[in-house]
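Take a look at the letters that make up each chain.
There are 2 protein chains.
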Amino acid sequence: MAVIVQKFGGTSVGSIDRIRHAATRVKQAVEQGHQVAVIVSAMAGETDRLVGLVRAMAQVHDVREYDAVVASGEQVTAGLMALALQQLGIEARSWMGWQVPIRTDSVHGAARIAGIDRERLAERLAAGQVAVVTGFQGLSDAGRITTLGRGGSDLSAVALAAALSAERCDIFTDVEGVYTCDPRIVAKARKLDKITYEEMLEMASQGAKVLHTRSVAAAMNHHVRLQVLSTFTETPGTLVVDEDEIVEQQVVSGIAYSRDDAKITIIGLPDRPGVAAALFGPLSDAHINVDMIVQNISEDGERTDLTFTVAKSDLDRTLALLEEHNKELGAKRFLPDSRVVKVSVIGVGMRSHAGVALTMFDALASRGINILLISTSEIKISVLISEDYLELALRALHTAYGLDAD
Amino acid sequence: MAVIVQKFGGTSVGSIDRIRHAATRVKQAVEQGHQVAVIVSAMAGETDRLVGLVRAMAQVHDVREYDAVVASGEQVTAGLMALALQQLGIEARSWMGWQVPIRTDSVHGAARIAGIDRERLAERLAAGQVAVVTGFQGLSDAGRITTLGRGGSDLSAVALAAALSAERCDIFTDVEGVYTCDPRIVAKARKLDKITYEEMLEMASQGAKVLHTRSVAAAMNHHVRLQVLSTFTETPGTLVVDEDEIVEQQVVSGIAYSRDDAKITIIGLPDRPGVAAALFGPLSDAHINVDMIVQNISEDGERTDLTFTVAKSDLDRTLALLEEHNKELGAKRFLPDSRVVKVSVIGVGMRSHAGVALTMFDALASRGINILLISTSEIKISVLISEDYLELALRALHTAYGLDAD
Chain A
0 MAVIVQKFGG TSVGSIDRIR HAATRVKQAV EQGHQVAVIV SAMAGETDRL VGLVRAMAQV
60 HDVREYDAVV ASGEQVTAGL MALALQQLGI EARSWMGWQV PIRTDSVHGA ARIAGIDRER
120 LAERLAAGQV AVVTGFQGLS DAGRITTLGR GGSDLSAVAL AAALSAERCD IFTDVEGVYT
180 CDPRIVAKAR KLDKITYEEM LEMASQGAKV LHTRSVAAAM NHHVRLQVLS TFTETPGTLV
240 VDEDEIVEQQ VVSGIAYSRD DAKITIIGLP DRPGVAAALF GPLSDAHINV DMIVQNISED
300 GERTDLTFTV AKSDLDRTLA LLEEHNKELG AKRFLPDSRV VKVSVIGVGM RSHAGVALTM
360 FDALASRGIN ILLISTSEIK ISVLISEDYL ELALRALHTA YGLDAD
Chain B
0 MAVIVQKFGG TSVGSIDRIR HAATRVKQAV EQGHQVAVIV SAMAGETDRL VGLVRAMAQV
60 HDVREYDAVV ASGEQVTAGL MALALQQLGI EARSWMGWQV PIRTDSVHGA ARIAGIDRER
120 LAERLAAGQV AVVTGFQGLS DAGRITTLGR GGSDLSAVAL AAALSAERCD IFTDVEGVYT
180 CDPRIVAKAR KLDKITYEEM LEMASQGAKV LHTRSVAAAM NHHVRLQVLS TFTETPGTLV
240 VDEDEIVEQQ VVSGIAYSRD DAKITIIGLP DRPGVAAALF GPLSDAHINV DMIVQNISED
300 GERTDLTFTV AKSDLDRTLA LLEEHNKELG AKRFLPDSRV VKVSVIGVGM RSHAGVALTM
360 FDALASRGIN ILLISTSEIK ISVLISEDYL ELALRALHTA YGLDAD
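Respectively, the protein sequence lines represent chains A and B.
Heads up: the first sequence begins at 0 in numbering that gives the first Met the number 0, then just goes up one per residue.
Heads up: the second sequence begins at 0 in numbering that gives the first Met the number 0, then just goes up one per residue.
No wet-lab data here; the hints were simulated from the structure.
Warning: the hint list may mix true and false statements.
Claimed, not checked - For the chain B half of the interface with chain A, some residues (derived, Cβ under 10 Å), not all of them:
| no. | residue |
| --- | --- |
| 1 | 20 |
| 2 | 49 |
| 3 | 53 |
| 4 | 69 |
| 5 | 74 |
| 6 | 75 |
| 7 | 78 |
| 8 | 83 |
| 9 | 102 |
| 10 | 115 |
| 11 | 142 |
| 12 | 143 |
Ideal Cβ positions, reconstructed from N, Cα and C, are used throughout, including at glycine.
Make a model of the complete structure from these sequences and hints.
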C-alpha cells in the first residue's frame, strides 16, 4: 500500500469546521487504500498572534524561546485534526515534531531538517493509523524545539514524504493549483495540469506565492511528486514533477510577478577596476541581496551609471550604506525608485526555442511599456517595469505566449 | 545556595505586562542568592479556550489528543516568561514538561507524577540559570504529553520542589495568602501567617479555593514548605508547614464554605439490613461521591428517613439512579434540595480542646440558623445549612471563635 502525505495550510484548518472538512479529504485517501500521513499548519492567524506575543515581550529575543512559543500553534491543530479523524471513524493520532522526531540543526527560527526517524511512524501507518504531524517544527540535537521559518510546513511535508518514500505529497491550499498567471489579474489564466520542478522553482522565486522555494527545491532533490490542490473543491490540482513526465512542453509555462523589489541607480560612478566590489561588498556584508544588475557602457571611460535592485524592505538600509561608503565609491548621486515591479516569463521550453525574449520585448513595446532592467536565466526572462503597467504587461504577455484559456 | 520554586497561576501571567511583573518577583529571589525554578500556568482564559476547541470538535474525545491541545497553553507562557527574565538581564530558559522530563503515568487528563529527572535541571540551576518549567503537564512512558487535571500547576510546583529539595515552594496568586475566612464575605477575616498541612488540606477540601487538595497532600507527604502569596503586593504570604513549626496553635484556624453540595432526603426507606448498600452501591458504581450522611432513628422499626449530600453537578444523575433502583429500595419519596451550603470550622487545636462543636451550635442557634446535617473529623466540624444563611453564619462563627481582626 502506497503512502500519501497530505499537507493542510492555515486557511484549510482555520476553524473547527474547516478542520472537519479537511479530515474528509484525509478520509478519501484512506478509503482509496492509502497509508496517510498528514502535516498541519497552525490555524490561520494563530502564528501571527503568537509571534505578536513574543514581539510584545521582546523586540530582540532569544530565538529558542520564540520557537517554543510559536510551535505551539501546530500542536493545537494536530490534536484537533486527530480528533476530527477519529470522529469520522478513522484511527489517528497526533505527533509533535519532537515525538517523531523530525531532527533539525540548531538554527532556531530557520532550521534545516537533518533527518526524520521513520521507523515508529511507518509502523503505525502500516498498521492502518493515520499520523497527524505538526508542520513547521522539529527537534534540535540539544533537545530544543526548532521552527523552520517561512513555508516551513510545506517543507515538513516534503521531508516526510521523502522519508516515507511516499507516492505523492499533496499540498492542500485555498487555490486550485498552479496557474499560468495570477487569475486575480489575468482572467484568462489557466490552471496547469503539470509543471516541472525547475519551472515551479522559478515561479516561486519570482513571486508566485502558491509554493515556497525551499519546499520545491527539497521536492526536486528528493524526487517527491508534489500536487498543489484546493481543500475546498474536488478538482484535481497541479502536479509538480520531473521534466520527463511532461510529454508536450510549452515554451512558456507561466508568468510570475513580484512587487517586492526596488531599484537604485547610481549616477556618475567612477569607471575603474574594483568599483563593483567596493559597491557590493558592504551590501553583502549586511546580508542585503542584490538581484538584477545592469551597468551602462561608459561614454567617456571615466564615469558610468549602474542600476540594481534589492528587496523593497532593504531599500532604506541600502541607501544608508551607500552614503556611508561613498567616500570610497565617489559616485555623484543615488536615485532610488520603489514604484517598480518585476515580471518574469518562465518555461523549460526556452532551452530549445529561440525568440522567446523577442516575443516579450515586442509584446511590451506594442503597449508602450518601457523596460527598465532585464535579467535572464536558462528557463526565465525577467524584466523590471513601472508598477503602473503591471496588469497591462501580464495580460499582454499571457496572450503573446499563447497561454490564454479558450 | 538554596533552591526556591516559584509558581505563577493564570491570573499572574494573564498578559504580557503581568508576565513582566511576575518576572520581577523571580528577579528578587535571584538577587537574594537563590537558585530559582519557575512553574507557569497558561495565561488566564487560555486553557478554557483550548478546552473549548477540543469540545467543539468532539464532545467525547480521545483524552491523549485533549492533552496535546491543552498543554500548549503553558508552553506559550514558559517561552514568554523566559524572554521576560532575559529582558531583566537574568539568564533563563524554558523547559517543556517532556524536556525535563516530568514523568507521569498514562492516565491522560488526570495523570499522576511518577518522578522528575532532576539532574540536567539541577545542573543548569547550579550554573545560575533560571529554569521556567511548564506546569500542569508531563510525559507518559509511551512518550505522549499528559496533563495533571485541576490544580495541576500547583502540583507540578510541589513535585519540582520535592525533586530539587527546595527550601520553599512559593505559590504566587491573586490573593495575599490563606485567610481565616473568605474576606469577600467576612470583612474581619485575617490573613494567616502560618497554617498546618492538615488544616490546609481540610480548608481546601471543604471549599477554600486558594490551594488544591492534591498539591497540599503532595506537599505534606514530601515535607515541602509551601508559601501562598500575592504576585501583586510585596506582603509576606501564608506558610503551610508542619504542625511543630507553629508555636501557639489556635483552636480554630479557619472557616471554609462550599456552595457545591446538594442534599437528598429519602422518605420512608425500609429499615432493614442491606438497604444502605442497595442505596449507595449504584451511586458508587457511577462514581458519584457521597459526602455527609445522616439516618434518622426509625420510630416504628419499619421505615426511616435518610439524608445525604452529593455534588450539585451530580444531583440529576443521582436522582435518576435512585428512581431506577427504587424497586429494590422501596422508598416512598426522594426530596432533593440544592439550596444548601456547607460551612466547616477547621483547626488542629480541636484535638485537645473540648466544646468546639458546642460553640458552633450555640453561635448558629443564637442567629436562628437551622442545622440540616452535621459531619465531623478529627480537626473539622461541617454543618449543612440553608444557603440564605451563609453570610450570617460565617460572620457569627468567625466572631464566636475569636478570629476577628482587631
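Here is what the structure says about each hint:
1. Taking 10 Å as the C-beta cut-off, the interface hint given for residue 20 of chain B is violated, the closest approach to chain A being about 12 Å.
2. For residue 49 of chain B, the suggested interface contact is upheld, since its CB lies about 7 Å from the closest CB of chain A, less than 10 Å.
3. For residue 53 of chain B, the interface hint holds, since its Cβ comes within 10 Å of a Cβ in chain A; the closest pair sits about 7 Å apart.
4. Hint status for residue 69 of chain B relative to chain A: holds, with the closest Cβ pair at about 8 Å, below 10 Å.
5. At its closest, the beta carbon of residue 74 of chain B sits 5 Å from a beta carbon of chain A; the interface hint therefore holds under the 10 Å criterion.
6. A least Cβ separation of about 5 Å between residue 75 of chain B and chain A falls short of the 10 Å threshold, and the interface hint therefore holds.
7. Look at residue 78 of chain B: its Cβ gets to within about 4 Å of chain A, closer than 10 Å, so that hint holds up.
8. With a cut of 10 Å, the hint placing residue 83 of chain B at the interface with chain A holds, because the nearest CB-to-CB distance is about 6 Å.
9. At about 15 Å, the closest approach between the beta carbon of residue 102 of chain B and any beta carbon in chain A exceeds 10 Å, and the interface hint on this residue is violated.
10. Hint status for residue 115 of chain B relative to chain A: violated, with the closest Cβ pair at about 16 Å, above 10 Å.
11. At about 6 Å, the closest approach between the beta carbon of residue 142 of chain B and any beta carbon in chain A falls short of 10 Å, and the interface hint on this residue holds.
12. Annotation: residue 143 of chain B was flagged as interfacial toward chain A, and the flag holds, the nearest CB pair being 8 Å apart, inside 10 Å.
Checked against the numbered hints given earlier, the structure breaks hints 1, 9 and 10 and satisfies all the rest.
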